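Line by line, the protein sequences are chains A and B.
Under the working numbering, read the first sequence as residues 12 to 390, first letter to last.
Under the working numbering, read the second sequence as residues 12 to 390, first letter to last.
It should be emphasised that the hints constitute simulated quantities derived from the structure, not laboratory data.
It cannot be assumed that every hint is accurate.
[Stated by the list, open to error] Here are the simulated lysine-lysine pairs, BS3-like style, with alpha carbons at most 30 Å apart: (1) A:LYS324 / B:LYS224; (2) B:LYS66 / B:LYS276; (3) A:LYS33 / B:LYS266; (4) B:LYS61 / A:LYS94; (5) B:LYS94 / A:LYS94; (6) A:LYS99 / B:LYS120; (7) A:LYS25 / A:LYS54; (8) B:LYS228 / A:LYS266; (9) A:LYS131 / A:LYS351; (10) A:LYS228 / B:LYS120; (11) A:LYS270 / B:LYS33; (12) B:LYS118 / A:LYS94; (13) A:LYS224 / B:LYS120; (14) B:LYS61 / B:LYS72; (15) A:LYS98 / B:LYS120; (16) A:LYS313 / B:LYS54; (17) B:LYS33 / A:LYS54.
[Said to hold, decoys possible] Sample of chain B residues facing chain A (criterion: CB under 7 Å; computed from the structure): (18) SER19; (19) GLY79; (20) THR82; (21) THR113; (22) ASN132.
[What the hints assert, rightly or not] Away from chain B, derived, C-beta distances all over 10 Å, residues of chain A: (23) GLU57; (24) LYS72; (25) LEU115; (26) ILE262; (27) ASN267; (28) PHE268; (29) CYS272; (30) THR291; (31) LYS351; (32) LEU368.
Here the structure is a predicted model, which is why all the values come from computation and not from measurement.
Even for Gly, the Cβ is constructed at its ideal location relative to N, Cα and C.
Number of protein chains: 2
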Amino acid sequence: MIFLDNASTTPMSKSAIENLVKYSTENFFNPSAIYGAGYQNFKDIESTKKLLCQKLFVPFKNNIIFTGSATEATNLAILGSFKPSFKKMVFSVGEHPSVYNTALSLKSKGVNVEFVNLQKNGEVDYVELEKMLDSSVNFISIMQVSNETGAINDIAKICQLKKQYCPNAILHCDGVQAFGKIETNLAKLDLDFYTISAHKLHGPKGLGALYAKNPNKLQPIIFGGGQEYNLRSGTENLASIMAFKTALEEIDIQKNFEKICALNKTFKANLIAKTNSKITLKFVENQNLSPYILSVSIPKIKGETLVYMCDSKGLLVSTGSACSAKKSGNRILENLGYDKTLIEGNIRVSFSNFSTLEDIENGSKILANCINELFEKTT
Amino acid sequence: MIFLDNASTTPMSKSAIENLVKYSTENFFNPSAIYGAGYQNFKDIESTKKLLCQKLFVPFKNNIIFTGSATEATNLAILGSFKPSFKKMVFSVGEHPSVYNTALSLKSKGVNVEFVNLQKNGEVDYVELEKMLDSSVNFISIMQVSNETGAINDIAKICQLKKQYCPNAILHCDGVQAFGKIETNLAKLDLDFYTISAHKLHGPKGLGALYAKNPNKLQPIIFGGGQEYNLRSGTENLASIMAFKTALEEIDIQKNFEKICALNKTFKANLIAKTNSKITLKFVENQNLSPYILSVSIPKIKGETLVYMCDSKGLLVSTGSACSAKKSGNRILENLGYDKTLIEGNIRVSFSNFSTLEDIENGSKILANCINELFEKTT
Chain A
12 MIFLDNASTT PMSKSAIENL VKYSTENFFN PSAIYGAGYQ NFKDIESTKK LLCQKLFVPF
72 KNNIIFTGSA TEATNLAILG SFKPSFKKMV FSVGEHPSVY NTALSLKSKG VNVEFVNLQK
132 NGEVDYVELE KMLDSSVNFI SIMQVSNETG AINDIAKICQ LKKQYCPNAI LHCDGVQAFG
192 KIETNLAKLD LDFYTISAHK LHGPKGLGAL YAKNPNKLQP IIFGGGQEYN LRSGTENLAS
252 IMAFKTALEE IDIQKNFEKI CALNKTFKAN LIAKTNSKIT LKFVENQNLS PYILSVSIPK
312 IKGETLVYMC DSKGLLVSTG SACSAKKSGN RILENLGYDK TLIEGNIRVS FSNFSTLEDI
372 ENGSKILANC INELFEKTT
Chain B
12 MIFLDNASTT PMSKSAIENL VKYSTENFFN PSAIYGAGYQ NFKDIESTKK LLCQKLFVPF
72 KNNIIFTGSA TEATNLAILG SFKPSFKKMV FSVGEHPSVY NTALSLKSKG VNVEFVNLQK
132 NGEVDYVELE KMLDSSVNFI SIMQVSNETG AINDIAKICQ LKKQYCPNAI LHCDGVQAFG
192 KIETNLAKLD LDFYTISAHK LHGPKGLGAL YAKNPNKLQP IIFGGGQEYN LRSGTENLAS
252 IMAFKTALEE IDIQKNFEKI CALNKTFKAN LIAKTNSKIT LKFVENQNLS PYILSVSIPK
312 IKGETLVYMC DSKGLLVSTG SACSAKKSGN RILENLGYDK TLIEGNIRVS FSNFSTLEDI
372 ENGSKILANC INELFEKTT
């Protein structure tokens with residue numbers, strides 16, 4: 012089985028598994044317990060937080076809050092900093108459902124929520140954003156890398172616009188598809204919150220993290236025993252946190268980036284070469300995409316059917332994100348100006364540093380064959 | 012090291028670990044993915060939900076919602092069913108912080124929240140509760156087994172009182188210290204919500220579950236991709252859910268209950284026998300306590316000091332719950348009428364089906380020796 016749906020989730024690395032097992036068995040003690048073995052686990056959790064901060068180029072100041080998922084982390088950033096006095100909140104149309112649906116939930120309660128559109132290249136429309144920003148804006152959430160298209164938003168530019176038009180606004184960035192993949196230096200970006208997911212990086216599912224420049228700006232959205240600086244109660248997910256640490260330690264962002272760029276390029280070239288020349292494959296038109304995600308639309312072919320056919324031939328890819336896979340339509344591709352047939356015919360191929368050249372060569376062949384076969388049937 | 016702090020957390024069982032590893036590596040696929048391997052994982056998660064329902068003696072009707080912790084599950088039950096139109100919400104003073112602090116949070120927002128006191132035996136004061144209940148009550152949350160004292164509340168009686176005085180009220184029960192330990196037949200109890208924790212039963216940390224008689228009565232508190240019937244978004248914590256399944260399968264409630272009753276009895280008898288006869292150990296006065304928890308107070312000795320001393324001699328026990336271990340005071344013991352010295356001198360010894368007679372014999376000896384040593388020093 013060739014797995015090229017790494018933007019949805021990834022298998023855990025062997026050494027991450029070792030820590031997962033170690034901290035679930037011999038080192039399982041509750042990190043809130045006052046005896047030595049408990050306190051040691053508390054300190055071990057802190058060491059993971061320190062590593063996260065190091066990877067983000069910021070000092071550790073009790074500013075990492077572990078959550079039960081990246082979705083919970085984005086919810087904490089948005090709902091945990093929301094105040095009824097907020098006059099305007101700005102989100103991009105391209106946000107992951109964890110941000111987009113949280114924004115919609117606030118909007119349904121009467122909060123003034125505005126959405127900035129995307130450009131054809133998948134990035135936020137910076138001109139529209141600039142028009143939207145003024146001193147009434149209290150909160151902005153714009154993702155770093157689109158989970159659907161791989162488009163990389165210019166977060167530095169967004170920070171600069173925020174500083175210019177609404178310096179007091181809170182700025183959250185969903186870094187789920189970027190962290191550990193695209194070098195991100197938070198010391199150079201004026202972000203208030205940054206969301207991280209463990210399972211996209213060969214860590215465990217069920218673990219997210221929120222970096223908070225100033226945790227005092229947050230209120231908890233889950234109440235209880237007061238763990239995580241009283242911002243996220245619930246027994247710490249010790250084993251997953253320690254497994255994530257190991258997964259993180261293994262990541263060489265720059266080396267992986269170069270490797271994935273090459274794999275992505277090869278996959279795309281192979282796919283184009285092997286696909287029936289009568290078919291015009293539609294790729295996102297942007298020179299600065301994350302190499303980890305390759306979004307392609309095939310006119311007149313249903314992406315869903317293509318995914319099932321690839322599955323039967325040993326290749327796993329997806330229609331858009333797993334989170335929206337079961338939903339109809341695709342607001343993001345619609346916003347990019349894709350017509351109905353390009354939206355229906357969209358699939359996402361996504362890579363990880365576990366992907367091999369063999370996966371890419373065989374995977375692109377299977378995909379092209381399936382496209383050709385479906386094309387023959389439908390024409 | 013003798014571990015008798017099982018009410019705070021437990022080590023994972025060997026076979027639970029096997030599933031944890033399997034579903035983190037070869038079977039890691041996103042349960043929301045539409046291809047076969049993803050869908051299979053979705054069905055596998057459902058099989059865990061079916062097992063949970065079976066253990067609760069209710070049919071599976073998409074009525075189990077997995078969360079990132081039991082704390083999140085209680086929060087979902089309370090905040091997810093809360094409506095601004097609520098006239099009165101009733102909680103017991105003895106609730107775990109995940110319920111108690113959520114109640115306080117609502118109270119701080121002006122919601123009419125009332126707390127029913129405990130009897131000296133640790134159970135809810137049913138007479139006071141009866142007086143508190145009337146048709147204006149919209150929500151009640153009372154735990155099944157106290158995490159501090161082991162007192163078992165009469166949930167059937169509480170259901171009956173609810174039916175009599177406020178039949179339309181929503182009734183939540185925190186079953187964290189009861190599920191898998193004390194036979195609980197939800198078919199015979201008219202509960203709307205029941206909260207479960209995995210890591211108290213040799214399953215993984217970072218996983219809770221909420222049973223909902225009618226999930227339609229809930230609104231999500233975390234928004235996103237729509238997982239868990241749109242009630243708890245975030246990629247499903249597949250490996251932990253499957254590990255919990257195995258942990259559950261291994262549990263023989265009745266057999267374990269009898270074993271733990273015997274161990275608890277032996278521990279208590281040994282402790283009394285070996286403790287300096289000048290010391291009057293104070294136990295919770297109730298014939299119907301959970302055998303998994305033994306709460307004992309030693310006058311004039313600081314529980315915290317005792318925990319550290321036991322730790323240094325190879326025994327791990329706790330002062331109250333891990334969640335409140337770092338807090339001062341103890342609202343539950345105060346409510347039971349304990350004086351300051353009994354509250355300060357309280358420790359909790361807690362067992363699991365992994366506890367052995369050897370643990371109990373050596374553990375009770377260490378505890379008695381530490382008590383005697385501290386007593387000599389302080390008098």
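Check the structure against each numbered hint from earlier and tell me which ones fail, lowest number first. 1, 4, 8, 22 and 25
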